[in-house]
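Chains A and B, in that order, are what the protein sequence lines are. Be aware that the first sequence starts at 1, since it is given in our numbering, and climbs by one per residue. Be aware that the second sequence starts at 1001, since it is given in our numbering, and climbs by one per residue.
Hints are computed from structural coordinates only; laboratory data are not their basis. Honestly, I wouldn't trust all of these hints.
Pairs of lysine to any residue, SDA-like flavour, derived with a Cα cap of 20 angstroms [claimed, not checked]:
| no. | chain 1 | residue 1 | chain 2 | residue 2 |
| --- | --- | --- | --- | --- |
| 1 | A | Lys101 | B | Ile1028 |
| 2 | A | Lys87 | B | Ile1008 |
| 3 | A | Lys103 | B | Gly1030 |
| 4 | A | Lys107 | B | Leu1027 |
| 5 | A | Lys107 | B | Leu1023 |
| 6 | B | Lys1005 | A | Thr476 |
| 7 | A | Lys107 | B | Lys1005 |
| 8 | A | Lys602 | A | Asp572 |
| 9 | B | Lys1016 | A | Trp160 |
| 10 | B | Lys1015 | A | Leu78 |
| 11 | A | Lys101 | B | Leu1024 |
| 12 | A | Lys403 | A | Lys544 |
| 13 | B | Lys1005 | A | Leu127 |
| 14 | A | Lys108 | B | Lys1005 |
| 15 | A | Lys103 | B | Leu1027 |
| 16 | B | Lys1009 | A | Asn589 |
| 17 | A | Lys103 | B | Ile1028 |
| 18 | A | Lys101 | B | Leu1004 |
| 19 | A | Lys103 | B | Leu1024 |
| 20 | A | Lys288 | B | Leu1023 |
| 21 | A | Lys326 | A | Thr476 |
| 22 | A | Lys69 | B | Lys1015 |
| 23 | A | Lys36 | A | Ser558 |
| 24 | B | Lys1009 | A | Lys87 |
| 25 | B | Lys1005 | A | Lys177 |
| 26 | A | Lys177 | B | Ile1028 |
| 27 | A | Lys101 | B | Lys1015 |
Over the 10 angstroms line for every Cβ pair with chain B, so calculated as not near, a few chain A residues [what the hints assert, rightly or not]:
| no. | residue |
| --- | --- |
| 28 | Ile327 |
| 29 | Asn374 |
| 30 | Asn447 |
Listed next, the stretches of chain B that the computed footprint assigns to chain A, with coverage defined by at least 3 CB atoms under 8 angstroms from CB atoms of chain A [to be verified]:
| no. | stretch |
| --- | --- |
| 31 | 1001-1010 |
| 32 | 1018-1024 |
The C-beta atom is built at its ideal place from N, Cα and C for all residues, glycine as well.
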Amino acid sequence: MTYILGVSAFYHDSAAALIKDGKIISAAQEERFTRKKHDSGFPTNAINFVLNFSNIKLNEIDHIVFYEKPFLKFERLLETYVAFAPKGFQSFSRAMPIWLKEKLFQKKFIFDYLKSIDNTFKDDTKLLFSEHHLSHAASAFYPSPFEEAIILTADGVGEWATTTVAIGKKNNVEIKKELHFPHSLGLLYSAFTYYTGFKVNSGEYKLMGLAPYGKPLYVDKILSNLIDLKNDGTFILDQKYFNYSTGLTMTNKNFDDLFGEKPRKPETEKITQFHMDIAASIQNVTEKIMLLLAKSLKKEYEIPNLCLAGGVALNCVANGKILQEKIFENIWVQPAAGDAGGSLGAALAYWHIDLDNEREETHKDNMCGSYLGNEFKEIEILEKLDEIGANYEKLDQNEIINKTARDLADGKAVGWFQGRMEFGPRALGNRSILGDPRSDTMQKNLNLKVKYRESFRPFAPSILREDLNDWFEMNTDSPYMLFVSDVKKSRTLELSNEQKKLFGIDLLNVKKSEIPAVTHVDYSARIQTVSKETNPLYYKLIEKFKEKTNCPVLVNTSFNIRGEPIVHTPEDAFKCFMGTELDVLVVGNCYLVKTDQDLNLKSNYTNNFELD
Amino acid sequence: MSFLKEFIKFLMERKKFWLVPILLFLLIFGALFVVTQGTAVAPFIYTIF
Chain A
1 MTYILGVSAF YHDSAAALIK DGKIISAAQE ERFTRKKHDS GFPTNAINFV
51 LNFSNIKLNE IDHIVFYEKP FLKFERLLET YVAFAPKGFQ SFSRAMPIWL
101 KEKLFQKKFI FDYLKSIDNT FKDDTKLLFS EHHLSHAASA FYPSPFEEAI
151 ILTADGVGEW ATTTVAIGKK NNVEIKKELH FPHSLGLLYS AFTYYTGFKV
201 NSGEYKLMGL APYGKPLYVD KILSNLIDLK NDGTFILDQK YFNYSTGLTM
251 TNKNFDDLFG EKPRKPETEK ITQFHMDIAA SIQNVTEKIM LLLAKSLKKE
301 YEIPNLCLAG GVALNCVANG KILQEKIFEN IWVQPAAGDA GGSLGAALAY
351 WHIDLDNERE ETHKDNMCGS YLGNEFKEIE ILEKLDEIGA NYEKLDQNEI
401 INKTARDLAD GKAVGWFQGR MEFGPRALGN RSILGDPRSD TMQKNLNLKV
451 KYRESFRPFA PSILREDLND WFEMNTDSPY MLFVSDVKKS RTLELSNEQK
501 KLFGIDLLNV KKSEIPAVTH VDYSARIQTV SKETNPLYYK LIEKFKEKTN
551 CPVLVNTSFN IRGEPIVHTP EDAFKCFMGT ELDVLVVGNC YLVKTDQDLN
601 LKSNYTNNFE LD
Chain B
1001 MSFLKEFIKF LMERKKFWLV PILLFLLIFG ALFVVTQGTA VAPFIYTIF
């Protein structure tokens, strides 16, 4: 029996993953435990969780694999500073002390952290290092249902690589080609995230959500100035416009002059049509690049399957475009496509490539629905709810399903906490806030009164797999909410002549389909298909909702507020329930109604988290 | 010591020997800064830059 622990840390989204003889056992992000969004610290809590889950000690782990190589990263940093010198001295003088003091000696630091978890752990030869993009590629291929696939990974930057193409075949992943820093699709997208006033490394999905409100007016400007895009999807970024290589910002004055405005200051400046058009333009360019890459790779390797990972693979709109174009027969995207998933990939790469072990089941999705995190036994839930003074009813499962479906049909906002926590940025029905998608006011209410976030942000639908094609223009599994597709034409509503004249944010309040709460302004939706096999309880709930309403769709958004990591424990769920305008909370088989609770337990919740 | 061994192995593999003087410079002066902090030598070190 071989246990391998994968670890990602020190940049953003630290995480730990445990595999046993190649089988994925558990994985979790550190942020869920520390309640600090995108926590980059060493994932002590996440490691403790994966160890406790399997009831083993760190000392019993056979190999520990870190998801990237610090020496290679240091080499890239030094070379970049030399290449740009004397420009970038300020950034250099800030970065070097940290590197010379800590980061260069990462092996020792990791070893010390591990020893603090288990002081009997003494063998530093167990500690190994994978390459950043190999970790991503492995996380995309090994859990996929394909025996052979093209693997495309794209993110900000790893060591040197920013985009890689690999071929996965049986138990091997071989990297075929790479694009190197500073030419990075992830960093290009992040530059626009910064420019439109969102936080880099967390606000990218907001930019994606903003894009449908705008017109892609700046596509030509981007393509003729910022990027030299080749027919095969490879590209070079003109560094004249960017500041990320050596500076402390993403873009520079040349960039501002090109588009005619300075970067938006989120504290004082509102989002305008200009920012929406910028968002639409960079989204369009990203889709163009991804499509060109996908087409050229398919032509070159003639393999019908595609696996995606890396932060750019979380751009579900671009993923949806690749799917829509039918370039590949099958596409599988790693649900924890960002750096958190690197922990899993690092462990899997070592098991299959270095230890040369075969893959056992190659014809099914081996991610277990991404439900790889912590779960709480009923006794733990009851104890915790009693301890915090919650007023609840304990019901059996059928009653829970029935009552929750009724509440949802009545337009209530429900906090739904069940089973194992999801691994990756999306809540997939175990740590979710649910609502009725048919409601005209649900999107606005959830955004402003429950999530306390920007009103333009869309919500995603969860739909029974067998009903997918009746409601959306798509008929492919999307269990991880990583593909966007349009609402079925027959379900959309005709706009009046006056409504047709609206554009931008004014479109937000226009009812566009039978399920307005999950229909974005361009009629698209980020779909999660739910099947009996991956999440039977959630499936039953949607089935019951369908029985009551004839609608097999629910609004599914992560159980958190703006700036907060998704809830982890029943206590986190209760705090969020009390701190927001959620009407009902369901934790396991415990059913809680807001009006039954002691209002003294209500806390000023929104101030606890820094806005993202 | 194991760090040095691993770093030399890394340099041999990557064959980027031109990084060595830069790194040595950084390490020596970095160490000098740390060691001389608060000492009488400090002002002389700082004037070099």
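Consistency of the hints with the structure:
In summary, the hint linking Lys101(A) to Ile1028(B) is supported, as the alpha carbons are separated by about 13 angstroms, within the 20 angstroms threshold. The hinted pair formed by Lys87(A) and Ile1008(B) fails the criterion: a straight-line CA distance of about 29 angstroms is larger than 20 angstroms. Note on Lys103(A) and Gly1030(B): the hinted pairing holds, with a Cα-Cα distance of about 14 angstroms set against a maximum of 20 angstroms. For the proposed pair Lys107(A) and Leu1027(B), the alpha carbon gap of about 18 angstroms is at most 20 angstroms, so the pair holds.
With a CA separation close to 18 angstroms, the supplied pair Lys107(A) and Leu1023(B) stays within the 20 angstroms bound. The suggested pairing of Lys1005(B) with Thr476(A) is violated, with an alpha-carbon distance near 51 angstroms, which exceeds 20 angstroms. A distance of roughly 13 angstroms separates the Cα atoms of Lys107(A) and Lys1005(B); the hinted pair therefore holds under the 20 angstroms criterion. Taken as a hint, the Lys602(A) and Asp572(A) pair is honoured in the structure, with Cα atoms around 13 angstroms apart against an allowance of 20 angstroms.
Between Lys1016(B) and Trp160(A), the direct Cα distance comes to roughly 14 angstroms. Compliance with the 20 angstroms bound is thereby established for this hinted pair. At most 20 angstroms may separate the alpha-carbon atoms for a hinted pair to count; Lys1015(B) and Leu78(A) meet this at roughly 15 angstroms. Distance hint between Lys101(A) and Leu1024(B) is fulfilled; the C-alpha atoms sit about 14 angstroms from each other, no more than 20 angstroms. Only pairs whose Cα atoms come within 20 angstroms are accepted, and Lys403(A) paired with Lys544(A) is accepted, the gap being roughly 10 angstroms.
Between Lys1005(B) and Leu127(A), the direct Cα distance comes to roughly 16 angstroms. Compliance with the 20 angstroms bound is thereby established for this hinted pair. In summary, the hint linking Lys108(A) to Lys1005(B) is supported, as the alpha carbons are separated by about 13 angstroms, within the 20 angstroms threshold. For the hint linking Lys103(A) to Leu1027(B), the alpha-carbon distance of about 13 angstroms falls within 20 angstroms, and the restraint holds. For a cut-off of 20 angstroms, the pair hint linking Lys1009(B) to Asn589(A) is broken: about 57 angstroms separates their Cα positions.
In summary, the hint linking Lys103(A) to Ile1028(B) is supported, as the alpha carbons are separated by about 17 angstroms, within the 20 angstroms threshold. Of the pairs offered as hints, the one joining Lys101(A) and Leu1004(B) holds, with about 15 angstroms between alpha carbons and a cut-off of 20 angstroms not exceeded. The hinted pair formed by Lys103(A) and Leu1024(B) meets the criterion: a straight-line CA distance of about 16 angstroms does not exceed 20 angstroms. Between the alpha carbons of Lys288(A) and Leu1023(B) the distance comes to roughly 41 angstroms, so the proposed pair goes past 20 angstroms and is violated.
Taking the CA atoms of Lys326(A) and Thr476(A), the gap is near 11 angstroms; set against the 20 angstroms cutoff, the hint holds. Straight-line distance between C-alpha atoms of Lys69(A) and Lys1015(B) comes to about 16 angstroms, which keeps the hinted pair within the 20 angstroms bound. Distance hint between Lys36(A) and Ser558(A) is fulfilled; the C-alpha atoms sit about 16 angstroms from each other, no more than 20 angstroms. A hinted pair counts as satisfied when its Cα atoms are at most 20 angstroms apart, and Lys1009(B) with Lys87(A) does not qualify at roughly 31 angstroms.
With a CA separation close to 30 angstroms, the supplied pair Lys1005(B) and Lys177(A) exceeds the 20 angstroms bound. Taken as a hint, the Lys177(A) and Ile1028(B) pair is broken in the structure, with Cα atoms around 37 angstroms apart against an allowance of 20 angstroms. For the given pair, Lys101(A) sits about 24 angstroms from Lys1015(B) by alpha-carbon distance, which is inconsistent with the 20 angstroms threshold. The non-interface label for Ile327(A) is consistent with chain B: the shortest C-beta to C-beta separation is roughly 36 angstroms, beyond 10 angstroms.
Every Cβ of chain B is farther than 10 angstroms from the Cβ of Asn374(A); the closest lies at roughly 35 angstroms, confirming the non-interface assignment. Listed as outside the interface, Asn447(A) is consistent with that label: its C-beta sits roughly 49 angstroms from the nearest C-beta of chain B, beyond the 10 angstroms cut-off. Remark: the stretch 1001-1010 of chain B is confirmed as covered by chain A, as 5 of its residues place a Cβ nearer than 8 angstroms to a Cβ of that chain, reaching the required three. Counting residues of the stretch 1018-1024 of chain B whose CB lies closer than 8 angstroms to any CB of chain A gives 3, so the stated coverage by that chain holds, three being the minimum.
Hint check: violations occur at hints 2, 6, 16, 20, 24, 25, 26 and 27; the rest are consistent with the structure.
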